[in-house]
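Chains as they are written, first to last, in the numbering used here: chain A, 807 to 1161; chain B, 807 to 1161.
Relax, there's no trap hidden among the hints.
Per the computed footprint, the stretches of chain B lying under chain A, defined by three or more beta-carbons under 8 Å from a beta-carbon of chain A, are:
#1 874–884
#2 903–917
#3 949–963
With a straight-line cut-off of 27 Å between C-alpha atoms, the simulated DSS-like cross-links for lysine-lysine are:
#4 B:Lys-960 - A:Lys-960
#5 A:Lys-960 - B:Lys-839
#6 A:Lys-839 - B:Lys-960
What the hints contain is simulated information worked out from the structure, not anything from laboratory work. Don't be surprised by glycine CBs; every beta carbon is placed ideally from N, CA and C.
There are 2 protein chains.
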Amino acid sequence: MSDTVMTSATPSARRRPRFGATHIDMSHGAGGKATHNLIEGLLVPAFSNPALDQLSDAAVLTLGETRLALTTDSFVVRPLRFPGGSIGELAVNGTVNDLAVSGATPLGLSAAFIIEAGLATEVLIGEIAAMAAAARRAGVAIMTGDTKVVEHGKGDGLYITTSGIGVVDPVLQLGATTVRPGDKILCSGTIGDHGVAILIARGDLELEGDIRSDTRALTPHVAALRQAAGAGLRFMRDPTRGGVGTVLNELARDSGLGVVLWEDQLPLRETVQGACEILGIDPLYVANEGKLLAVVAAEQADAALAALRLVEGGEEAAIIGEIRTEPARMVLMHTHFGGTRLIDMLVGDPLPRIC
Amino acid sequence: MSDTVMTSATPSARRRPRFGATHIDMSHGAGGKATHNLIEGLLVPAFSNPALDQLSDAAVLTLGETRLALTTDSFVVRPLRFPGGSIGELAVNGTVNDLAVSGATPLGLSAAFIIEAGLATEVLIGEIAAMAAAARRAGVAIMTGDTKVVEHGKGDGLYITTSGIGVVDPVLQLGATTVRPGDKILCSGTIGDHGVAILIARGDLELEGDIRSDTRALTPHVAALRQAAGAGLRFMRDPTRGGVGTVLNELARDSGLGVVLWEDQLPLRETVQGACEILGIDPLYVANEGKLLAVVAAEQADAALAALRLVEGGEEAAIIGEIRTEPARMVLMHTHFGGTRLIDMLVGDPLPRIC
Chain A
807 MSDTVMTSAT PSARRRPRFG ATHIDMSHGA GGKATHNLIE GLLVPAFSNP ALDQLSDAAV
867 LTLGETRLAL TTDSFVVRPL RFPGGSIGEL AVNGTVNDLA VSGATPLGLS AAFIIEAGLA
927 TEVLIGEIAA MAAAARRAGV AIMTGDTKVV EHGKGDGLYI TTSGIGVVDP VLQLGATTVR
987 PGDKILCSGT IGDHGVAILI ARGDLELEGD IRSDTRALTP HVAALRQAAG AGLRFMRDPT
1047 RGGVGTVLNE LARDSGLGVV LWEDQLPLRE TVQGACEILG IDPLYVANEG KLLAVVAAEQ
1107 ADAALAALRL VEGGEEAAII GEIRTEPARM VLMHTHFGGT RLIDMLVGDP LPRIC
Chain B
807 MSDTVMTSAT PSARRRPRFG ATHIDMSHGA GGKATHNLIE GLLVPAFSNP ALDQLSDAAV
867 LTLGETRLAL TTDSFVVRPL RFPGGSIGEL AVNGTVNDLA VSGATPLGLS AAFIIEAGLA
927 TEVLIGEIAA MAAAARRAGV AIMTGDTKVV EHGKGDGLYI TTSGIGVVDP VLQLGATTVR
987 PGDKILCSGT IGDHGVAILI ARGDLELEGD IRSDTRALTP HVAALRQAAG AGLRFMRDPT
1047 RGGVGTVLNE LARDSGLGVV LWEDQLPLRE TVQGACEILG IDPLYVANEG KLLAVVAAEQ
1107 ADAALAALRL VEGGEEAAII GEIRTEPARM VLMHTHFGGT RLIDMLVGDP LPRIC
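Use the sequences and the hints to build the structure in full.
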């Protein structure tokens, strides 16, 4: 069964959205539908090229026999420090993870700083140290950089843009068009921790709770999966801005297949669930910064799960769903209460500046 | 003569400055002494690795037999559009040029946008189009990207960070430690055009003048030099933020040799000179965005100059100085009036947010 499937919706066949807003607003940065419209309505048509058109976490380019991955992300998280991490740690781990889920071993990172005049030097020193420590833990070097300063009132302390290059494993063939009906969907641990930790850290909600960001490098998780699942590893993504719900919607759309989730199987901390209920947000759309979603062939799924659970930060990994032919291009969740509900793309702007 | 020289001052032997400021101010972004103290006092010690320690426009890393160049720059220029260019064009050309002066052929670029909420969509569309056009002209693709949105009042319309990777010419051995006494210093055209165009465009000076930014890709200029000078091509740099004066100071420091300039030979538009006099700034420290400084062995200097002058944007190229053993680690200019003056590193903050 897993070898006969149509992938009618290749990226190039995708209908381009029109970008209708006259001004950019916060929703365009939230990672949901508005962000997609911005990227696919404005950026992709202008820059169109085969690597960009894949819209993956990293562009893959070939150099002789070698495939190189190139990725970039700006980090504008507020506040700069929060329980479990800080902007500097996030900036390194985020780019390391974009390379890792592309099946690439990092060669090096770059870091560009936009500093608001008036920032205390000790804050900057703290973030530089956090970046250096995160890079050391991930086994990657920050090889080049840039610093710019903008006037007080034209920034928010510190923005950091990291880019990374890596060498893609020649054996792996990852991508939405590689997944097959029957494949299992693995999640490496509890969802929503990062986003809720940030919201609580902002202090403008009447919420307390010992929730820490899950920021970490996913390199060892990816290595464990590669070893356990081999060619059965079909797709990986780290569900950051927009959360698990957004990644699975992209997967359904780009594969032309259906994604089925079991709510009972979603790893979710009680404290995060409670906070989400109070805030009226769905943890499926809340950002993670140290979680891996993977699609693995059914035959390798149990071995992959067992391997993932042996890795630090993967102890609570679970098989949360599977790929089916129907409902095509949609994400359907079987709820706690025995019903089903469609998980759509995130609309609106619940969590600005989460990363 | 050109083969016997001591390069006593290797980068690793360089004394690290201490960073003493308690807060970051605009001078730390101006490209002069304060920026150097920030980079070498805070960033380099924390991230220390062989590629970063070179402090070049791009880090060079090896992948098997191949040398790859990785570079990044954030662009925060104000205003977004100015005579002769715009932030989007600058962001592409700047990164293309950092690769070009490293002797690298670009493989691809990334672009990360930090957008202030409230930015008119048409402004964003204009910059995306400018980037696409600049990339097309430079023959390079924008392969991946990121978009973030920050609240109104936490940005300034649009900041763009571009990164690039390229393959370094295996024959070229470029660097400050490669230059030799007797080598000539070539400049590809008039200096200070970009910085003065920006200052006039801001409109807060009582200045008018038909001065346009020189933003352009330097790829053809570098190609012409490589062909004409061969192994006689020793060092290249694009004198952006901090200007020609800063690049030559870095060259003197990192080579351990003396740099001698002839003011008479500096290509300088009368309008730019006039504006600089009124503003009380030295064109040697004013940013360029489409000029190349190169050090070429004396034997190849005339051929290199002739080749450069045949390239569009290189018509006014000149030999502006030479390398000598003395004054070691300093830049000395022979002035119009027959005297000499030391050109030191830029101190203070004459031109914030120039790129």
